[in-house]
Amino acid sequence: MRKEQKINIITGIAFFAYGIWMLARGLSVTVQGKTGDYGPGFMPRFIGGTISLLSLLLVITTLVGIWRGAAYSSSSKETVIPDYKSIIATFILLALYMIALSPVGFILSSVIYVFLQIMVIANKPSKKFIMMSAVIAVVMPVVVYYVFVDLFFLLLPAGILG
Amino acid sequence: MVISGLLSVCTPFTITLIFFGVVLGIIFGAIPGMSATMAVALCLPISFGLHPVQGISLLLGLYIGGISGGLISAILLKIPGTPSSIATCFDGNPMANRGEAGKALGVGILYSFLGGLLSFLALIFIAPPIASFSLKFSPVEYFSVTVFSLTMIASLSEGSLIKGLMSGAFGLGLSLYGSAPLDGYKRFTFGLWQLDLGFALLSVLIGFYAISEIIETAGNKYKVTKSNTIQFTLKGFGVSWKEFCGQLWNFFRSTIIGIGIGILPGIGGGTSNIISYVTAKSQSKYPEKFGTGIIDGVIASEAANNATIGGALIPLLTLGIPGDSVTAMLLGGLMVHGIIPGPMLFATNGELIYAIFAALIIANIIMLIVEFFGIRIFVRLLQIPKSILLSVIVCLCVVGAFAGNNRVFDVWAMGIFGALGFIMLKIKMPLPPVILGFILGPILESNMRRGLQLHHGDWIPFFTRPISGVFLAIAALSIIMTAIKEIRRKMRIKQPASLQG
Numbered sequence: 001m002r003k004e005q006k007i008n009i010i011t012g013i014a015f016f017a018y019g020i021w022m023l024a025r026g027l028s029v030t031v032q033g034k035t036g037d038y039g040p041g042f043m044p045r046f047i048g049g050t051i052s053l054l055s056l057l058l059v060i061t062t063l064v065g066i067w068r069g070a071a072y073s074s075s076s077k078e079t080v081i082p083d084y085k086s087i088i089a090t091f092i093l094l095a096l097y098m099i100a101l102s103p104v105g106f107i108l109s110s111v112i113y114v115f116l117q118i119m120v121i122a123n124k125p126s127k128k129f130i131m132m133s134a135v136i137a138v139v140m141p142v143v144v145y146y147v148f149v150d151l152f153f154l155l156l157p158a159g160i161l162g
Numbered sequence: 001m002v003i004s005g006l007l008s009v010c011t012p013f014t015i016t017l018i019f020f021g022v023v024l025g026i027i028f029g030a031i032p033g034m035s036a037t038m039a040v041a042l043c044l045p046i047s048f049g050l051h052p053v054q055g056i057s058l059l060l061g062l063y064i065g066g067i068s069g070g071l072i073s074a075i076l077l078k079i080p081g082t083p084s085s086i087a088t089c090f091d092g093n094p095m096a097n098r099g100e101a102g103k104a105l106g107v108g109i110l111y112s113f114l115g116g117l118l119s120f121l122a123l124i125f126i127a128p129p130i131a132s133f134s135l136k137f138s139p140v141e142y143f144s145v146t147v148f149s150l151t152m153i154a155s156l157s158e159g160s161l162i163k164g165l166m167s168g169a170f171g172l173g174l175s176l177y178g179s180a181p182l183d184g185y186k187r188f189t190f191g192l193w194q195l196d197l198g199f200a201l202l203s204v205l206i207g208f209y210a211i212s213e214i215i216e217t218a219g220n221k222y223k224v225t226k227s228n229t230i231q232f233t234l235k236g237f238g239v240s241w242k243e244f245c246g247q248l249w250n251f252f253r254s255t256i257i258g259i260g261i262g263i264l265p266g267i268g269g270g271t272s273n274i275i276s277y278v279t280a281k282s283q284s285k286y287p288e289k290f291g292t293g294i295i296d297g298v299i300a301s302e303a304a305n306n307a308t309i310g311g312a313l314i315p316l317l318t319l320g321i322p323g324d325s326v327t328a329m330l331l332g333g334l335m336v337h338g339i340i341p342g343p344m345l346f347a348t349n350g351e352l353i354y355a356i357f358a359a360l361i362i363a364n365i366i367m368l369i370v371e372f373f374g375i376r377i378f379v380r381l382l383q384i385p386k387s388i389l390l391s392v393i394v395c396l397c398v399v400g401a402f403a404g405n406n407r408v409f410d411v412w413a414m415g416i417f418g419a420l421g422f423i424m425l426k427i428k429m430p431l432p433p434v435i436l437g438f439i440l441g442p443i444l445e446s447n448m449r450r451g452l453q454l455h456h457g458d459w460i461p462f463f464t465r466p467i468s469g470v471f472l473a474i475a476a477l478s479i480i481m482t483a484i485k486e487i488r489r490k491m492r493i494k495q496p497a498s499l500q501g
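Here the protein sequences line up with chains A and B, keeping their order. Note that the numbering used here has the first sequence beginning at 1, numbered continuously upward. Note that the numbering used here has the second sequence beginning at 1, numbered continuously upward.
These aren't lab readings, by the way, just hints derived from the structure by calculation. On a predicted model such as this, the values are computed, not experimentally measured, just so you know. Keep in mind that the hints are not guaranteed to be accurate.
Stated by the list, open to error - Dumping the calculated EDC-like pairs for lysine to aspartate or glutamate here, alpha-carbon to alpha-carbon at most 20 Å:
#1 K85/A to E216/B
#2 K186/B to D196/B
#3 K426/B to E4/A
#4 K289/B to E243/B
Just chain B, same shape as in the assembly (with noise of 0.2 Å):
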């Protein structure tokens, strides 16, 4: 099984295919305002007509590459290129200010290599314990997993609590939209067939991930300025040996973050590479060096962000949750494929889940190569106008809308779903949690009226057994600190409000 899952990735048209993704999610992962989520949306379609292996490996590859990218743009336009490098830019563009760009660049590729990879060695040891583990998984535990992982979606979303939650409700809501699951109840259809089987998951991801982003650039088209990057010499990856080994620690604390916070529901590569920089300052016997343009910012905030992909990874492929909005599209992509990921794909699909494995490893080691040999390129790409790339984007969005049915209904859906998109963009409701609501609508209804069935209509097992409780016990938590730490903040605004009164 590992060997012909590992064969099934070995092909030249595969690789082939690993490459084009990586490629292509380094270029968007650079560019600011594009996004690996928006990469991967793009090409589900191409996936379609693809062998699942060889669909899902090109997803992966833009997943690495894309959250990989973002370095480039933050160490040497001090904008991150996706949220997963905001903290890059503290250390790497100080550097780059101070001609040390190439060194800068050279370390973060680096260690996004290394963070990467210690998170596939997680994800493969790992994964197939808790996949094991989870087959004990009746619908009530699914259910409170489910529920765990849209309370911390929600709490976590920026801003306001409520207004996540909103996003959250909202999301749940759009995949209530047509059939419902076990009895294939038709609801919300409006006599209109297309809807029978509700919003298609493209229309949906594409609508709201990459119209609106277009309808926001058209809105600020003056503030689309031509950027100017910095001139760099790349010689090897920029770290002695020496250094190397002093920077160990730092690198295996950064990375067990990362994989830590991949892991949990909600939290992405955003927040680990946030929370990695600042264990590194803290921890560190310098920290006033932080932010003056020291490899070590670097190195927390790359080996972080590339080791929570890993994580990430883990909770979709073992119980089929993802844990943010890439992951989400991801899932969408093996749902096209008709792959359900979670336990019982360990049991029957085995070979897939060793062709993942091979893909994601062969896929960094690309990343690493073509950010190394291809940086100059890279840079360059970073110059078109925002104006043609977004444009041409838009055929695409229509190609992959389309596509899946073959029906411009989904491309009128997807139309209106990035309006709308947009005017949440607006009013500051945050979009993940209604992408990740409406990808986890359909678990979550399914597995508690199956769960429901099964106990005759009572709740109570659902916080008496062992693992549900506990699920809903940390969502119940989560919530709770959420909501308190909402009200501190606005206290906090206030006291200053009523001392300057």
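One chain only, chain A, in its complex shape (with noise of 0.2 Å):
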């Protein structure tokens, strides 16, 4: 099996989940609409059923080919192995940032943020370039904080700062 049927599997299973998910939370609403409407549970019904039954095809068709031992269009073929170190970095560093970004506020968690993903993305940065990466990661949030607070009247988590 080709790596490319093999995703194409994993993701029919689990949007068939989803669509199966949606379509009995559909079926639970038992409000109905007035005269000849179908009422709020149509849409997740049909929407639920429609993911379903095309995540089925998904799979068959994905199974098909692989029973009749099919060459599968791979239009894109990569061949570089993404680097999953830094995905999974980055991950972690965005999913800290939006976790800070109450208690701590927009431009301290924005600074350490903003550098330490300069970090993770850039290859092999040499020592000026991690100089401009802390100025920049500085500069940029408090211009945009005072830009979108004073220019444009938004409000910005202030957090400890504040």
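From the two separate chains plus the hints, produce the assembled complex.
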């Protein structure tokens, strides 16, 4: 089984489960609409059903492809293996940033996040690059905060600095 | 109404906003991996604090800049900054390699401007009659037009048709969270009051389009290399009067293709430039020269992609139907200001419509000037490391998600949608259908339910009312045609495989 076929089957199963869940939630809506109206439960039932059917179709067509031994079309072959360490680090950084936003405040959490995120994405950064990144990480959030809060009158979490 | 619309745009502050929008749009358009869609999504929060005309003018500037900016990297780096400039690479880059980068850029900028201008004139003349015609639309017709848009989107999604349809259905499903239309019944809220009104538009848009991109870039960091741009000198627009006259038909044909494709929901500049290029090549007296670096190819691509802007705004403004992901974002921008596009907008808020027309023309002129005189600065900006750009963009994403409702919940939702978007990119599920499904979902549901109420639960009028029937028939036809195309494609793949076996 090729990688793409494996992905299709897992995707199909996951979406099938989601579709069934949505369908079930739709069926549990007992509220009726006015004359002729199908009520608020119809769309979840319809969309849930459609998702389940389509995902089933995806699994079936993939299985038929495997059974027939058909060469699966892969328009863009990935020759470069993704850097999973950076992806996981980015996920963690994003999660921490969003959690810290309210208690710590926009400016402080953004400064730390931007600097660490640049370091994660940058490929073998030089000393000069690290210094420049640190300056950008401090200046940008401060500028963004004052532009949005003072110029566009938007609210941003002030946190411990507020 | 016309004059007051024009005057509301012709203020120093609004023109400055358009200028800012065009410049930022060009930067986003020029840098591969960053798109006009992302630029509009990021600037939606800025438009909150502005007057509707000012906010919309800014977004339109971003749209025009974002589509035009793609030609810079297409010609100089052979990487299209946006999908709208794919065909510009075919002849633009060979010209640049031959030492004619200045000429290729000049021609590209000039015909982007002209293509855009002609399409805006088409918009100004075509939109009002369509709007007055669609005033006759009942919820039944709106439902059918929405279904038509959805099928076009799903059927045109790259790769697998089933996955495209699944993405569209997934987006529609996301729009069901929160209060149902008409009766306000709460669905899928899990007892969270933050979900009473559903997911915030900005959390979904920014999450899927910007955050997913950051995670993707983090995974491809070894691919991020410093690009070598080609040196050039830009004198005039690089086109002689004789060449201009010789290219007139190519220009008109490409612009008409661009406008036509823009009007059709689901197909945007990403398709129009390629179709226009292929048409120009097939109708040329010297098709063999295409791809070797001739201005015909650059004109065909650049006139068509900018003409798509005016075309795509026709269904958006007259019916409230977005044609692609950028116009979906613009629809979001209008909704943020409490403006619901559609025929009623022409009747009740004509001033805003004329302001939009004026803003488009001004943005187009600013695009011409800024790209012509500022091209060297944009080329330098291509050198800024993506690690810095994208990390700073996350900051702006957070501002965008938070500012809508002033709550951290929307920021978390944005993060979750970003992760979801990244996973969908990895499993090759197209993202545009998700966005369009999410935006069209409430329009679809409310019109379906209103239509059914109107006809006492009878579906037959949906098929027998002429306009509604035609749209549903085209929708069915487009799905069938795509399915046939998909089956044929799979058969073609299978044949060589069986020959090998």
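Hint-by-hint comparison with the structure:
1. K85/A to E216/B: 12 Å, holds
2. K186/B to D196/B: Holds, at about 7 Å.
3. K426/B to E4/A: Cα-Cα ~10 Å, so holds.
4. K289/B to E243/B: Distance ~16 Å between K289/B and E243/B Cα, so the pair holds.
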